[in-house]
Each structure stands twice: as structure tokens, then as C-alpha cells.
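S.K.: Construct the entire structure; sequences and hints are all you get.
So the sequence shown is numbered by the working numbering: it starts at 2 and just counts up by one.
Any given hint might turn out to be false.
The calculated lysine-lysine pairs, modelled on DSS-like cross-linking and capped at a C-alpha distance of 27 Å, are [claimed, not checked]:
1. Lys-467 - Lys-303
2. Lys-330 - Lys-222
3. Lys-257 - Lys-203
Hints in this document: simulated from the structure, not taken from any laboratory.
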Amino acid sequence: MKKIIKTTTGTFHGITDHQHIDFLGIPFGYGRRFKRAEEFSITKFGKQEINKLQYAVHNGTQPMQDEALEQNEDKVNFGENCLNLDICTPDVEGHYPIVIEFYGGGFTTGGNFQKQMSWLDHQEVVHVVPNYRLGLFGWGKVDGGDTNVGLSDQLMAIQWVIDNASSFGGDVENLNLIGLSAGAKSIATLMSSNAKVLDRVKKVIMFSGGVQTIRDLKTAKKVVDNICRVNKIKSSKDLFNLTDDGLQLVQQAALKGHFATNWFGPVIDDDLISTDWQEKLIQRVKRTNFKTIISAGSNELKFFEDMDLKQIENDVLPDLFGHNTEQLKQELLNDNYSKNDLIEMLGTAMYALPARRMAELLIQNSDAEIYCNYAKVDEGKHGGIVRYLNTPNADLKIDYRKNQLYMIHLLREFINNGKPYDETIKFEWPIYDDDRLVLELDPDDLKSVSVISRRCPDDLPWQSYKL
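M.R.: This is the structure we're talking about:
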């Protein structure tokens, strides 16, 4: 099996793993402090460098995050210039659907050294996982810096994949995006952006994430100003002068003790993201007919059950929603609520409701094909469906094994041809339309249920976290 590919950024030798070929740490761009991604030019090192064989068998540099500050021996390197991607392909001379995974982690953790969609490495698809910058490095609104730096990383990665698809066995006419949490939020934002390259995307799969992290410039700037205030830094311009570790330490100090999963994210800058991003999303689906799977868990934030009620009310709610806290409580909670009611409300407000609203926006304004999923696996917790898909089939309870295979087959058929159907059990994932049918996923069962009776307030802000 051929293990060498020639790309626009170099020539690489991969390694065989589970009957696929892996290429690790391939550069696709260059990242400068608080500036949007720049193209990686191998020829600046010499005209013949593009033909020089490099062994792509080790993880590339990973995005800066708190783990970078720890003294560990796992040989993972972290740094600001982390724009590289991993490829897993069945055959570099094939013609397979391409699935680009954007990882989750609250826009503060993650990287391609820890794939979240490892189940894709066992399918007949090309699985690509690019890095993008995190936290202040990628999503901070810093004086003198660019907006949506992390989003620009993702865009450059998509363009690199399109430009080089034929070299690693990918079908550029079957380009798919998949992500969990911040990865899903990134995908929703990309499809709502002004970037033309997204018109090449045929299908998207979003687990626990939608457009809820798109925020106004005021909120984005306040987040950075608050980080500077905690660290007694006079101006955000001073952040340019810190080392990689120094900037990460500043962020770590400000986020310590907080639930900052919504503090960073894409910003409306009327450049990459317009104020009327909803209309841009609708226009794109009308123009390209891209298809969508949107998934949310039944109790996404169940892990807060170990906290007492007052801590959730006083600390968690403001951290997650900012000035929107009281409105969400009034709309989604009864006057006399329990801790369990509040925890379910957190998951609804953070994930289930934004998923539903995005689906509603698209079907009410276009002929979009939307497939919705209500996941009860792993008690409906955040990321539970991905953990379920990644679990080796033999490690599941016997009663759960067939169901996992059915679900993976539905997702694979969606990736292959846009129609999630399983011939074995004659099950077709229902399109989300006027009947509001969704696929309900239990560990041992798949069924279509209607959510038409579940209340979906239409006067809530699209932006989850606001300052």
C-alpha cells in the first residue's frame, strides 16, 4: 500500500495503522500572535524542499492550553505555531468521502493528538483533524489583533484539504464537517460565515453544539479586559509581549475557579461573520443544499449534580450565560424548582434548545434537509454519544452492541450519500419537518419520536453568553 503523498506544503511518508494510512503533523498554515492564519510556504526554505521526503509519523505541535504548563513525559509539544493536521485514509489512491473533524473543549482545550471521533478511523472515509488556536490565542479580542483568528485557522485547513484531496485519496465532491461541542459550534459558525469556501461542504454533523457561541464585539472585548484586570495588565496590547507560556498563565489565572466554556468563541466582526449571520446561513443552504445532522443529549450537564444548588445558581449560571441568566431562568424554569430541574435547564439552554432553534431556523426559511437526534446514551451527558460511538463494540453490554452498529451505519450512510438509512432493520432517520420527528437514541434502541409538544421559546437571545 502506497504511503507517500505530495502536497502543496511538502512530501510526506505515513505509517500503516488498522489497515489505514496515517499522516501526522502535516503543516497547513502559519500562526502569528493574534493574527489570522497565513499560508504555509515550504518553498521559502528552498525550491526543492517541496520534494524532500518528510516522515509524518509523530504528532505535530499542539495548541497552547493549560496542559502545556504541566511537566509531563508524554512527548507532546505545545506552541502557538500549531497549524498542522492529521490524516487517516484507507488508501491514498482511493476516492473516499472526506470528513474534517473540529475538536471540542470549550475553545480552551483540545488538539489532534486526542481525536474525539476515533470511530471514523475504522470507516471507509478520509478522516482529517486540523488544529486551531485556542483561548486568547485564537478567540481573544485584543487591541491591535485580528478577530476570529481560530476561525481563520479552520478556514485555511478546509482550503488545504480541498487543494490536496487527490493526493490522499479524498473525494473533494463529498466534503463533510463533523464536531463535538466547540467543534460543532465552530461548524455552525463556519456555515453562517461569509467565507465562500464553505460552499464546497456537502454535509455537516454537529454533536452538542450550534450557533450559540457567536457573540458581539462588546462581549468578546469584555472577556479579554476582565482577564487583563485580574492579572493587573493595563492594556490588552501588552499581551503581544508575553511568551507562549506567559500568555497561557495569564489566561489560567483569570479562568481559575470559573466555568468558562462560553467565554471564548467566534465574534460578529462584519468581516468573517456578519450581523445578519442568520440570513447568511439561510442563503448558503438555499445555494448549496448542504445537509445537516444536529444532535443533543437529554441531560447534557448532569455532571453538575455533585454541586449544591447555591453554587450552581451563584457561580455556574453567571459563568455560562452572563447577563442572559435571569431571562433564561424565567423562560425555562418554574418558580419552585429543584436542583435536578436546574441542571436539566442548564443542558437545555446550553445545547438542546440552540440545536432545536437552528433546525427551526433552517426548515422555516428553506428546503433544508435536517436530521435531529436526541441522545440518551451515557445518561444523555455531554459528549455521551461520541463516547458511545468510540467504545469498541466488544466492550459494550451485549444488549447494546447491535444498536451501536446501527447508529454508526446510519451516520456512515449520511456521510456517503446524504441518506441515513439502515437496510438491516429497515430504519430511516426521519427528516425534521412539520411533524418535528427526531431520532431518539437509547443504548439498546433506535426510534422516531416527535418533539412537537416540547416548548421552544422564540424570544430568547441567540447569543448564550453576554456581557
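S.K.: The structure should be examined with respect to each hint, and the outcome stated for every one.
M.R.: Right, here's what the structure says about each hint:
Note on Lys-467 and Lys-303: the hinted pairing holds, with a Cα-Cα distance of about 23 Å set against a maximum of 27 Å. With a C-alpha separation of about 26 Å, the suggested pairing of Lys-330 with Lys-222 holds against the 27 Å cut-off. This hinted pair does not check out: Lys-257 and Lys-203 have alpha carbons roughly 40 Å apart, beyond 27 Å.
Against the hints set out earlier in the document, a violation occurs for number 3 only.
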